[in-house]
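K.L.:
Residues per chain, in single letters:
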Amino acid sequence: MLKIKRNSRALAILAILLIAVAIAPSAQSYPFGVSGVQNDGCTCHGQSPSEEVVPSLEGLPDELEFGATYTLNITFTGGPSGTDPGATALGGFHLWVSAGSLAPVDDKVKANPDGSVTHNGIDNEDSGQGNDQTLWQVEWTAPSEGGAKFILHTNSVNGDGTSGGDMYGRLTMDVGPQPTEQASGLTVLATAILLMVMITLGCVLWVFYRQSPDAFAWENFWPWFSDFITSTDHKKVGSLYMVNGLFFLGVGGLFAMIFRIQLSSPGNDFLTQDEYNQFFTMHGTTMIFLAAMPMIAGFANWIVPLQLGASDLALPRLNALAFWLNPAAAILIFSGIFSGQGADTGWTGYAPYIVSHTAHSGATLWVAGQILLVASSTISGINFMTTFCTMRAPGMGWMNMPLFSWSMLIATLMLFISIPAFGIGLIQVLLDRTIGTVFYEVAAGGDPLLWSHLFWYFGHPEVYVVVLPAFGVISEVLSTSARRTIFGYKSMVFALAGIGIIGFIVYGHHMFTSGMSPLLRFVTMLTTMLVAVPTGIKIFNWLQTMHGGSLVYRTHTLWALGFLVTFTLGGISGMYFPAIAMDLHLHETYFVVAHFHYVFVGGIVFGLYSGIYYWFPKATGRMMNEKLGILHFMTGFISYNLIFWPMHRLGIQGMPRRQHTYFITTDEYFALPPETADWNMMITIAAFMFFASNFILVYNMISSGLRGRKAPSDPWGGWSMEWMVTSPPPTPSHDPSNLPNMKFAEVHDDGDPGLFGRLIEWMMIPEDGGGEEE
Amino acid sequence: MEAGGDVFWALFNEFNLWALLVFVIVMVWMFHHSLRYRSPDGKSLANDADEFIPGVFPKENDDLRMELAWTIIPFILIIYLTFIAWGPIDELWSADPDAHEIKITASQWSWDFDCGDLDADICEVSNIDVEGQTKPLLLLKAGESYMFNMTSEDVTHAPFFLDWGLKEDIQPGMETRIYHTPSIDEIGASLLMCTEYCGKDHGYMTAVVEVHA
Chain A
1 MLKIKRNSRA
11 LAILAILLIA
21 VAIAPSAQSY
31 PFGVSGVQND
41 GCTCHGQSPS
51 EEVVPSLEGL
61 PDELEFGATY
71 TLNITFTGGP
81 SGTDPGATAL
91 GGFHLWVSAG
101 SLAPVDDKVK
111 ANPDGSVTHN
121 GIDNEDSGQG
131 NDQTLWQVEW
141 TAPSEGGAKF
151 ILHTNSVNGD
161 GTSGGDMYGR
171 LTMDVGPQPT
181 EQASGLTVLA
191 TAILLMVMIT
201 LGCVLWVFYR
211 QSPDAFAWEN
221 FWPWFSDFIT
231 STDHKKVGSL
241 YMVNGLFFLG
251 VGGLFAMIFR
261 IQLSSPGNDF
271 LTQDEYNQFF
281 TMHGTTMIFL
291 AAMPMIAGFA
301 NWIVPLQLGA
311 SDLALPRLNA
321 LAFWLNPAAA
331 ILIFSGIFSG
341 QGADTGWTGY
351 APYIVSHTAH
361 SGATLWVAGQ
371 ILLVASSTIS
381 GINFMTTFCT
391 MRAPGMGWMN
401 MPLFSWSMLI
411 ATLMLFISIP
421 AFGIGLIQVL
431 LDRTIGTVFY
441 EVAAGGDPLL
451 WSHLFWYFGH
461 PEVYVVVLPA
471 FGVISEVLST
481 SARRTIFGYK
491 SMVFALAGIG
501 IIGFIVYGHH
511 MFTSGMSPLL
521 RFVTMLTTML
531 VAVPTGIKIF
541 NWLQTMHGGS
551 LVYRTHTLWA
561 LGFLVTFTLG
571 GISGMYFPAI
581 AMDLHLHETY
591 FVVAHFHYVF
601 VGGIVFGLYS
611 GIYYWFPKAT
621 GRMMNEKLGI
631 LHFMTGFISY
641 NLIFWPMHRL
651 GIQGMPRRQH
661 TYFITTDEYF
671 ALPPETADWN
681 MMITIAAFMF
691 FASNFILVYN
701 MISSGLRGRK
711 APSDPWGGWS
721 MEWMVTSPPP
731 TPSHDPSNLP
741 NMKFAEVHDD
751 GDPGLFGRLI
761 EWMMIPEDGG
771 GEEE
Chain B
1 MEAGGDVFWA
11 LFNEFNLWAL
21 LVFVIVMVWM
31 FHHSLRYRSP
41 DGKSLANDAD
51 EFIPGVFPKE
61 NDDLRMELAW
71 TIIPFILIIY
81 LTFIAWGPID
91 ELWSADPDAH
101 EIKITASQWS
111 WDFDCGDLDA
121 DICEVSNIDV
131 EGQTKPLLLL
141 KAGESYMFNM
151 TSEDVTHAPF
161 FLDWGLKEDI
171 QPGMETRIYH
181 TPSIDEIGAS
191 LLMCTEYCGK
201 DHGYMTAVVE
211 VHA
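Sequence lines, in order, name chains A and B.
Residues 1 to 774 in the numbering used here are what the first sequence spells out, letter by letter.
Residues 1 to 213 in the numbering used here are what the second sequence spells out, letter by letter.
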């Protein structure tokens, strides 16, 4: 009985959803891309060309003489034309040409505003004019160089004054030298992504096969695979997050490679402007939301419960839900781009552009996908907060958590406080774009700066959300490799918290040129300068950690040292922006691009690479190949700097970002110096090197994961609790009936919780149901 | 000619000096410590100063004086940098009541300059060819003070006065302003580009600003 009730309720909900989908305006692709009337035909005379009507175009030369004028004869045979002797019209035509110019010879033909020509007269009254003919003459002046393509439609009409029964025929002709066929950017992208999906699936199959080659059987594959994708175990969800993150790191890289080809020389047209705009939008979106965030979630999933001495995360099912929202969001976001009308708003999605009719329809899908990602981040945030508060091992106080856990705690808190603003903005934009609300419609009184405020209130803390876990990884790696306790553990925690607080009041530095209140600009200038202090403390503490130690040179150590170089550079270049007088020149130029890639790649990606090499033995039970690791570091670090260091120079010279091309100084006006073209070519080449270098990591992970040396439980000699369990860790990760007890190398008298600890304890519901008085 | 105005270059050179100093300190420190305090064979974990044992919170390693030193010294540097960055803002934002007003109206994807009733010598608009496309040319006079009063018809745009190192967003439903007095060093024509993403032809939304004597 109950079951029937529940089913009917589910059916009712489904029906309501279906009705909602049917009545709500849905995203659609408009036919103004490559298609159009030239391909789709004359809808007034049938939907598709008819074979009965045979057009002909005469008068074109075999050898084209550039600039010469030719008289062309247009005629056709077949169709209903002339079968009715009393007909008032015989036929018509429409001729397009890709180059040169068309002109009518007499008044039977007229020129259209788009440069094409057509017959004159459309109805019964103008007998004797163009609609009464089957032969027309036009003049074509050939272009001064190159050939041309003609598209001719001829209509055969029965002349009864309606379009019923009419037919048309289509003819295309080339004359002169034709340009070589170019691959469309979207085709290249789709092929490359498809290839990556196949390689990824191939890797999964290979991993499955290599686990036990002798016992290989297809029947075993699905149970193994479905166990993985339906698991709520934090380690398996963490692995899914990592695979997802690394896959989209590659896809985001593909976008970058394709638009770097476009930018390699000035005036290039490898991509159309529409494609270019979608590509840089998707590059940013993919890298931040589909690559960096999942990779961080992957590390957090894997390492946090192990470090805290917990058996799993507090809410494992929510954890799996948070992950599975990610692929759904990715499919939504990418279905936009493969409709040919992907989001072209930049990863910042600025309103009012995003709600204007000129923005691509795929922006709706982009917004919808982002809302799913907001949901995913919120859910996993709840999960991690609960885990940190309730599942630390006995004896582990707040100030005894390893720094990676601390960094995740602060990052989660920041995400929690900032992401609602983004979610609200996205929902408003979605409503604006679908059901016609006017939150961002300036003409209806919308504030043009509202989105910028909401977005950057989230967007700037988001940068810290992704960079803080990288700080955590570097703290762990440097301390373990140097065989020294991290220098100034407490000041590291306070610096993290300081970044977490100051990070919320600096966002205005993204809007120094936006026209917002000068007072707010000035205040955020001061606070932005201030954020350098806690960041500086962290860098100096890392450096001092090595003092008196015995640094072990492993691949993860190299990446950590490389991080110190690049992140310091990225931090320093960040100091140029809060000086408003400099920002007015540097804003929205390649200097900004250089800065945030030094932070995002040199900070986050290098930090996470270091983490991959550091925790890989723990996760898989196999040591990684150090030779390949060092090769990866050398090629990656050098090519990375070759890409982004010259961008500082380009930015100072005034090359704006997000532009389809760039303009070199001419005799008439001053723009970019001519050597800009050479720098851009060099950047493109280095970008391909960097892209390729990452496949060394992928290969290393797969081959070492299958054939590497067996790893001991503590290969690097670290102290935190993940090194207590076997490699790979058992499930549950720490035995719930025998949780590890935190011990201390130096005994402190005062074991009582501090002020913060008492506050949290006060908020917690005691496990025995509460109410027990001491 | 050179991109960026005098204000930009003065600040930029000063900031570069401090940036170089900080970077050199960090690099010397990093290379010294990582080479001086390295494991003898680069791999052995035996030389374990703090005796890490899994599950045991390690010995403390801190020095309050050092930590305070690299909190306070960078803080002083930050205050100094803020101080030198503060002054030029006045120069950029101060409104000259006698400035000649030029209206800029931006729309997807073109610029419209309106000189009002200013003399042709002080402000004039004509056309110029930029890579095969006809774009507006704004002619200004060196030594005259200008106020650009800007608004947009559709979405956000931003004119980038390359030679002066100035830009400001143009928002629909809002008026934003740029004040500038071109100096005689700034005589010549330079390209004006759009630096706030505005859609399909964003990269080709250009104009030329020419300053004459």
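Each hint should be verified, as a subset may be incorrect.
Derived coverage of chain B by chain A (criterion: at least 3 residues anywhere in the stretch with Cβ under 8 Å from a Cβ of chain A; other residues may be distant) [stated by the list, open to error]:
{"id": "1", "segment": "14 to 25"}
{"id": "2", "segment": "62 to 72"}
{"id": "3", "segment": "95 to 105"}
{"id": "4", "segment": "124 to 135"}
{"id": "5", "segment": "157 to 168"}
Selected chain B positions facing chain A (in silico; Cβ < 10 Å) [to be verified]:
{"id": "6", "residue": "E2"}
{"id": "7", "residue": "F8"}
{"id": "8", "residue": "F31"}
{"id": "9", "residue": "L35"}
{"id": "10", "residue": "D48"}
{"id": "11", "residue": "E51"}
{"id": "12", "residue": "F52"}
{"id": "13", "residue": "L81"}
{"id": "14", "residue": "T82"}
{"id": "15", "residue": "W86"}
{"id": "16", "residue": "C115"}
{"id": "17", "residue": "M174"}
{"id": "18", "residue": "T181"}
{"id": "19", "residue": "I184"}
{"id": "20", "residue": "M193"}
{"id": "21", "residue": "Y197"}
Here are the simulated distance ranges between beta carbons [to be verified]:
{"id": "22", "chain 1": "A", "residue 1": "T187", "chain 2": "B", "residue 2": "D117", "range": "52 to 58 Å"}
{"id": "23", "chain 1": "B", "residue 1": "I184", "chain 2": "A", "residue 2": "A443", "range": "42 to 48 Å"}
{"id": "24", "chain 1": "B", "residue 1": "K43", "chain 2": "A", "residue 2": "T232", "range": "36 to 42 Å"}
None of these hints come from the bench; they were simulated from the model.
Remember, it's a predicted structure, so these values are computed and weren't measured experimentally.
Note that beta-carbon positions come from the ideal geometry of N, C-alpha and C, so glycine has one too.
K.L.:
Is the hinted range of 36 to 42 Å satisfied by the C-beta distance from B:K43 to A:T232?
P.N.:
Cβ of B:K43 to Cβ of A:T232: about 39 Å, so the range 36 to 42 Å holds.
K.L.:
Examine the segment 62 to 72 of chain B for residues whose CB is less than 8 Å from any CB of chain A, and state whether their number is three or more.
P.N.:
Since 6 is at least three, the answer is holds.
K.L.:
For the hint on B:Y197, just tell me whether its beta-carbon gets within less than 10 Å of chain A.
P.N.:
With a closest approach of 5 Å, the B:Y197 hint holds.
K.L.:
Between the segment 95 to 105 of chain B and chain A, see if three or more residues pass the 8 Å beta-carbon test, and mark the coverage as holds or violated.
P.N.:
Per the Cβ count (0), the hint is violated.
K.L.:
Against chain A, with CB atoms and a cut of 10 Å, does the hint on B:F52 hold up?
P.N.:
With Cβ-Cβ at 4 Å, under 10 Å, it holds.
K.L.:
Under the criterion of a CB-CB separation shorter than 10 Å, is B:L35 in contact with chain A as hinted?
P.N.:
For B:L35, the interface hint holds, since the closest Cβ of chain A sits about 8 Å away, which is under 10 Å.
K.L.:
Return holds or violated for the Cβ distance of A:T187 and B:D117 against the range 52 to 58 Å.
P.N.:
At 55 Å between Cβs, range holds.
K.L.:
Can you verify the interface hint for B:M193: is its Cβ closer than 10 Å to any Cβ in chain A?
P.N.:
Interface hint status for B:M193: holds (5 Å vs cutoff 10 Å).
K.L.:
For the restraint on B:D48, tell me whether the closest CB of chain A is nearer than 10 Å.
P.N.:
5 Å, holds
K.L.:
Would the stated hint for B:F31 survive a check requiring a Cβ distance to chain A of less than 10 Å?
P.N.:
9 Å, holds
K.L.:
Can you confirm whether chain A covers the segment 14 to 25 of chain B, using C-beta to C-beta distances below 8 Å and requiring at least three such residues?
P.N.:
Coverage by chain A holds here, the residue count being 4 at a Cβ distance below 8 Å.
K.L.:
For the restraint on B:W86, tell me whether the closest CB of chain A is nearer than 10 Å.
P.N.:
Nearest chain A Cβ about 8 Å off; hint holds.
Checked against the numbered hints given earlier, this structure breaks hints 3, 16, 18, 19; the rest are met.
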